[in-house]
Every structure is written in C-alpha cells, then in structure tokens.
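Read off the chains here:
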Amino acid sequence: MPMIKVENLTKRYAGFTAINDLSFEVEKGEIVGFLGPNGAGKSTTMRILSSYMPATSGRASIAGFDVFAQSLQARQHLGYMPENVPLYTEMRVTEYLNYRAALKEITGRRQRERVGDVKELCNLKEMENRIIGTLSKGYRQRVGLADALLHSPDLLILDEPTIGLDPNQIRQVRELIRNLGRHHTILLSTHILSEVEMTCSRVVIINKGKIEAADTPENLVNDMRAAGGIRFEAQTGADDGAAELGKIAGVKEVSVETEEAWSVFTLRTDSQSDPREEIWRLATDRHWTVRELSRRRATLEDVFVEMTLDDDEA
Amino acid sequence: MTKFLTLLSREIKSYFYSPIAYIVLCFFLLLTGFCFYSSVTYLSRGATELTIIEAFFNSVPFWIGFILIFPPITMRVYAEEFKLGTIETLMTAPVRDWQVVLSKFGGALAFYIVLWLPTLLYFVTFEHVVKTDAANAIGAYWGSYLMVLMIGMLFISLGCFASVLTQNQMVAAVISLSLITLFFFGGLLAFFTPNVSPAFRMATGYFSTLEHMGEFSKGLIDSRRFVFYLSGTLLMLGLTHQVFQYRRWKS
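The listed protein sequences derive, respectively, from chains A and B. Each residue of the first sequence is one higher than the one before, starting from 1 at the first, in my numbering. Each residue of the second sequence is one higher than the one before, starting from 1001 at the first, in my numbering.
Calculated directly from the structure, the hints in this document are not laboratory data. Only true hints are included.
Quick list of in silico lysine-lysine cross-link-like pairs, BS3-like style, CA-CA up to 30 angstroms:
id	chain 1	residue 1	chain 2	residue 2
1	A	LYS208	A	LYS5
2	A	LYS137	B	LYS1013
3	B	LYS1003	A	LYS119
Using the sequences provided together with the hints, build the complete structure.
Here you go:
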C-alpha cells in the first residue's frame, strides 16, 4: 500500500484551476521532492493531502485513509509543516509543543517523553523557555518541524522547509531531513534544487497544475535533451579547432570564443556520450597546447528550467 | 473530550497573553463600579420600589458598557488565526471543526464569566454594610445572573460569527458591534414608537433584552427566554461552523 496515493486530483477556484488531474504515488520510505515554479499548485496539493481543504474532484489517501472521508485517521498518520510555519507567537516553545502533543492525543508521561525527544532532535533544548515570537526564523522552522514530528507520524509533508534560512541553517535542516528519512516517508516542496539532488530519492515536477515529470533525480538529468557540455581551452595554432572538434562522434555543436591567445570551445554533446578522450587524442596528435578539458554535467536546475519555462520565454 | 479541553484551555489562556484582556477587565470593573455607585446614590435619595439588583442591572450606563465589551472579547478568535495562518496548523491536527468552534465560543464565554464574578462582591458588600437585602428574594440573584449569562452567550456567538467572516480584527469588531446594537435596539423599537399595534409590541418584546433583564432581575424567571437565547446561540454557532468550513475550503 503506498503511503500517499493521489488519483486524478483537481482543485478549481472561481475562475482558475490550481491543480488539474494530478496523479502520483509515494511509497513507504521514500523522500520525494515536490518541485515547481511559484503558483504551480504545490501548496494546494499539500493542503489537500493534509485535509486542510477538499479537492474539487479526484481522490487522495494517506496510509490508506481517504483524506476527506477518513480525515481524522489520515491526519493521525501525518506530520504537516505549512509554508512559513505559522505558530502561536505568544506561547513558549515547550508550552506550545505540550499543547500540540495534547491535540494529537499524546498525554501524561508519553507527552513529556515525546516533547523532550523532538526538542532534542530539532536542537531546541536551549530555546525551550523562550517565547516563540522572539525566536529567529530558523528556530521557528525547527519548532514547526518538532511539532510535525511529535506523534512520530509515518509521513511528513513539509512545505518549503528551508525557505528564508541562511546557508548554515539550510545545511542543518537538510541533514535533519536526511536523518528523518530513515524512519519516515517525506514529501517536501522546495525551490532549492541542489537540496533535492542531495536529499531526495525521487522528484515530482509540476507546472501549471500538471505533472511534468516524476523520476529519480539521476534519471531526470540523464534524460535531459541538452544533457551537458564540454569545455575545452587550447591553443590550436593554425588549425581550425572548431571544425576538427565538430567531426568527433557525439558532438552536436561547437562554439568558440577567444581569450587572448587561447580559444575556448564549448561543445554540446549527446546525453550518453563523453568524447573527452577523443578530444585529448586529437589535441596530442595536433600538438595543441591544452589548459582545460572538463565536462559540465546537466543539473536538476537545467531539467527544472526546461520543463517549467514557458515556450515563449525559452 | 481531552482534545476539546486542550483547545478550550488554550483559548482561555490566550486572553491573558494579550493586553486586551486586562484593558477589558479594567474597563468593565470601572463601568460596573460606576453603575453600582450611581445605583446606590439613586436608592439613597428616598423611598423606591427598586432593589439594588434591579437598579444596577437596568441602568443606562450598564447597557452601554455591556454592549461595548463584546467586540474586544470576540474579535480575535477566528480573525487572528486566519491572519497568522495558524488556522492551517490547527486544522491539520486531528481535531474536528465543531471542537474548534465550540472551544472558541467556550473560551470567550469563560472570559466573560470571569469578568462578571467580581460584581457579586458588590452585592455581598452592600448587604454587609447597609444591613439590607440586595434583592427581594434569592430568585432575583439567580434571575439577573442567568440573564447575564444567556445574553452573554447569544452576543458572544454573534461576535464569533463576525470574527469568522474576516481576517481583520477591526472589521470583526465593527461587524459584531453592529449586529449586537441592531439586535439590542431592535428590541426597543416599541419604546421609541408609542403608537404601534399590540402585535408589534409583542413581537419586539420577544427579543428585547432590556425587557427580559427587567423581568429576570425581579426574579421572574420565564422559560420562553431560555428557549430564545439558547436557540439563538445554537443558530449562530451553526452558522459560524458553516462559514468556518467554507472559508478554509476556499482559501
């Protein structure tokens, strides 16, 4: 049984369709990155999954419980951290976590244990008596995450968990998410693509309410049309470097720029081929002086831009 | 049930986190103190049929202040949650909508009761100092405070309804004040227009809080009033529940 099952989910507001006929599944144990430009429908999907609002049509279930018809059970299996982490700013950290624990039916000794555990896990110990309103963005984020973890849910849904954090905090949160991934299934949305490449085992890219792609980050990158390029800097003397390089199998396009005495070639290649060895051989045969030969791999960012940019913008 | 109590206790506590609670408390104590003072002055002028309870609960400054305390009590209950977005964290916890609606109502009502408790002291002190009964019978005590409770329930549910309509607390305050004022003065129409049919007079009398308070503070406890205030409260809570769902589903 998949942890999340979304079938033909559609949400229409007056006048526009936020998500349109969305279907995907998330298996137990996966960390799935949910990507898309602003307004693509990520938050809408997450809000439907968290039972905050119903879909116009279609079905979604969490751990086998329908998010609408069996919403209470579904919510018990889910830890959800909304975008921007709204919290009661006038409460103290421990007080807030105790309150949230009680709402999730964790009481008595277990409450003390769980609240202690999540404070430990999210590094909130030294802030436990602070009023939430006085905490920095990074700590608030951790309070939100601690709250989502209180009832040790099978599934975590995190809407932009690293937005507004500084690089150190992002690194900490990423580390935390990766650790959590050992025991929880995680669906997270983000704009920071390098993060997805580092943490997620699978990626779902949505644009304008529709799924554009769903695969592992590696496969997505490998399937890219403009899979990558090669940068080659050399002094070719009297030879026409561009013409020679263009003859090599797998090279689709060569462009040249001159930097003082050096020619800088940028080669576009097929997604599968890596003609660097042949370039090297060519260079030694012709006695070219080489100062750089490197391959630029396509990143998830390239995939993202290609899939989500409008055709007229591209 | 534990969830409801958790929600309720947060609602009650949340009043005391903000300065509004203390301002309302001070204002209300000043107002009731002034009312009590003027009632005592009025009684000391000479023989009258009124007891101190009747004089206190039926004076003009009492009613003006009474109407004014509801908007600050209820304006934030939903509006603030919508504004801060905490409604999303709240409603994605395993709680039911009606538990939230009832806890918000219950929290406001509890704060309202806290406001009223000190006024009991006035009458105890009065009896002790003046060596006269504050009321003709124990029923007048019960009647007055029951009526205070029932009007409070209805007006608080109106205030909660106003708050669920918007995410702006000021707007919520203005809507609830308008609703309460309309309701209160609607019941007084018959007083302002003397040449009306008895049917009209009866109709307005049915929802005239002023008349009801008059009866109850004499100790005339009329079950029709219970039906009226309790069903009105339930209606408003039901509407609040509907709008609450509708707003989340639209957002």
